[in-house]
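**Student:** Residue-level listing of the chains:
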Amino acid sequence: MIARPLTITGGRLVLAEGAPVPGALRCEGGRIAALGDIAPQPGDEIFDAKGAVVAPGLVDLGVFAIDKPAFHFGGITRAGLMPDQSPPLDHPARVRFAAQSGKPDLWVHPLAAATRGLEGTELAELALMRDAGARAVSTGRGWIADSGVMLRLLRYCAMLGLVVVCHAEDAGITGNAVATAGDVATRLGLPSAPAEAEALAVARDIALAELAGAQIHFRQVTTARALDLVRGAKARGLKVTAGVTPAHFMLSDLELVGFRTFCRLSPPLRQEADRKAVIAAIADGTIDVISSGHDPRGPEDKRLPFADAEPGMAGAETLLPLTLTLVRDGVIDMARAFALLAANPARLLGVAAGVLEPGREADVAILDPARPWIVNSAKMAAAAGNTPFDRRPVEGRVLALFKGGKQIS
Amino acid sequence: MQSPNHPSTGRYPAGGLAFPHRDLTGIGQLARHEILYLLDEAEQWVALNRQSQKKTDLLSGLTIINAFFENSTRTLLSFEIAGKRLGADVVNMHAATSSVKKGETLIDTAMTLNAMRADAIVIRHASSGAVRLIAEKVDCPVLNAGDGQHEHPTQALLDALTMRHAMGLPAGSDLNGLKVTICGDILHSRVARSNILSLTALGADVRVCAPPALMPAEIEAMGVTAFFDFDAALKGANVVMMLRLQQERMSGQFIPSPREYRHLYGLTPERLERAEPDAFIMHPGPMNRGIEIDSTVADHPTRSLITRQVEMGVAIRMACLEVLTRRARRVPGWNSEGASDDAGAAA
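Taken in order, these protein sequences are the chains called R and B.
Quick note, the first sequence lines up with residues 1 to 409 if you use our numbering.
Quick note, the second sequence lines up with residues 1001 to 1347 if you use our numbering.
Listed next, with one range per pair, are the computed distances between beta-carbon atoms:
id	chain 1	residue 1	chain 2	residue 2	range
1	B	R1050	R	S377	52 to 58 Å
2	B	G1203	R	P299	42 to 48 Å
3	B	N1071	R	D390	32 to 38 Å
4	B	G1061	R	R392	45 to 51 Å
Simulated coverage check for chain R against chain B, where a stretch passes if three residues somewhere in it have a Cβ under 8 Å from a Cβ of chain B:
id	segment
5	170 to 183
6	298 to 311
Worth flagging that the hints you see were computed from the coordinates, not collected in a lab.
Built from N, CA and C at the ideal position, the CB exists for glycine as well.
Using the sequences and the accompanying hints, generate a full structural model.
**Tutor:** The structure is reproduced here in structure tokens:
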């Protein structure tokens, strides 16, 4: 059955640039047909946005679990699934299954495991996985320590036209660290590693990507030094992009006091100066993507001594409101917020979404950017409530969500 | 109201306000006067322990569980003797690290101990913060006997008491101006962390000395001076505290070899010359004789405080157990009001 065309009226449209503009948006055949100063056509289904903001559905690049209720709460219509599944996404059949797993109301874009079993030694069947639906390749949670393997991977992916999504921490330096070296880790007696572990990995991977002519995306760049390297690489015209999650621009390692395992993240929370450097990098365009890193973890993984707990946070529900804090603080404008949350990740994944313009997939979020609510770890839509933002008042809530022109929440 | 054990010097707040904590998870939770309070409380047990009749019945009827998730001989023994001398029923639970390390088991064990209605639980665990995690789940006082690389508060208290006795200082005194050099594996040492916290709170001038691989980042933020050069660190020291270096860390990972470690950081009689002429020597034990400390130094008849530390350990642990169980024993002035559940409040 073909859905009736839909017109969303009375909203303020988030466009590629500038402040949201009043207008309507018409969807037909699952795609955006027209937008701006238009009127619904006879027979259209009408949705009155009543003055709310009409924005592209979020494209969350790099989640660890498919958690539909949390994604829909957070306005996420597409998710790039990390290969760190059990078993890993290192086989075409698993990729094909994952690519179908969310439809129709959530599109999952699997990231193929760069190496078999994510072991960092043998290349996985990347072309077969690409043709099975993988939209990019990823090293997963870990770093590929062997530079020879990494170079061969980048050359191969350059040929296949796939972006390589990297985790940037020099594993030889990080070892069993669970915190960033500094006074907080020292006081708490937590195994820690210098923040420079990130810059070292970024420096090597930029050099290898340049050599290979490959496109590389650092899923999380969280330190001033590594951001400088990304900034420099971009200035030289290399195909390098960087992402971050809200934790690294909202929180610093001071949150670890009290051994709060919900703040055990990978990479670990950094010192305050690095947090500020992340905000500056979002402002100046060095950072291209803000993602949730959604990784719901129950008490069996988190109600443990800090160093024994698993890293990760449930971030899908708080991705939008925490990014909007940057808009309220004047770091970025609304258009840039949605470039970070939707347009740029969609471009990296090569999907026709993430922007409100004719011809794109009609993934649309209706939101009130000022609606206040309080994050409550005990009442999350996510599969688990492991958020470091528990009890934090935030603003910005999705009122309705459309995937391919059909309302899904 | 005054408690029978409360020194009526007016030095400390009255009744339970002198020590308003349910647990002893670390020196970091204590104010200077609370550290001094525990030291002063221990003085009576030092005196008692030197008598032939060493037993009281203050804690009779109470059950103390020593839950050690990490191997220990001397600390466990010290806590056991402390509990028994106070008249409590002491039970030791030896949980092999391997079997109880993961998952819910730690919490489950805590809940089990709690359900057995212990009146105090003494915990040692290999992970930093583990003791606090357990404290959040149980209803009785919890004493930290060492958690990972975080804290070992009773060790720091016994070390401070040992120094006070060695310097001939009376009860109530702090360690103002004392120059203490702590040398060894600072990075992995909970003894170092707790000692830094207590010694700086008591006014001592603390220097720490370790090779770069064993020196924690930004340790100066804890109010100490950091040295790589042991000779420089020893200059003018009144107390030299050597830490144990684990054998496995001396085989190339952190240190090239034991003899190379001794070459740079071993406390030899010659090196001790750099310190003050009458400087005292301490070590939390167990020692690697001939590596971090020479036997002639460790066994020095007047300057070595190493066996004195063990003696003070029992008195300090008696004081901690006695003070923390006052609410359960309904000691006048120590009702539950004013007792702050540190773990719960901060969680």
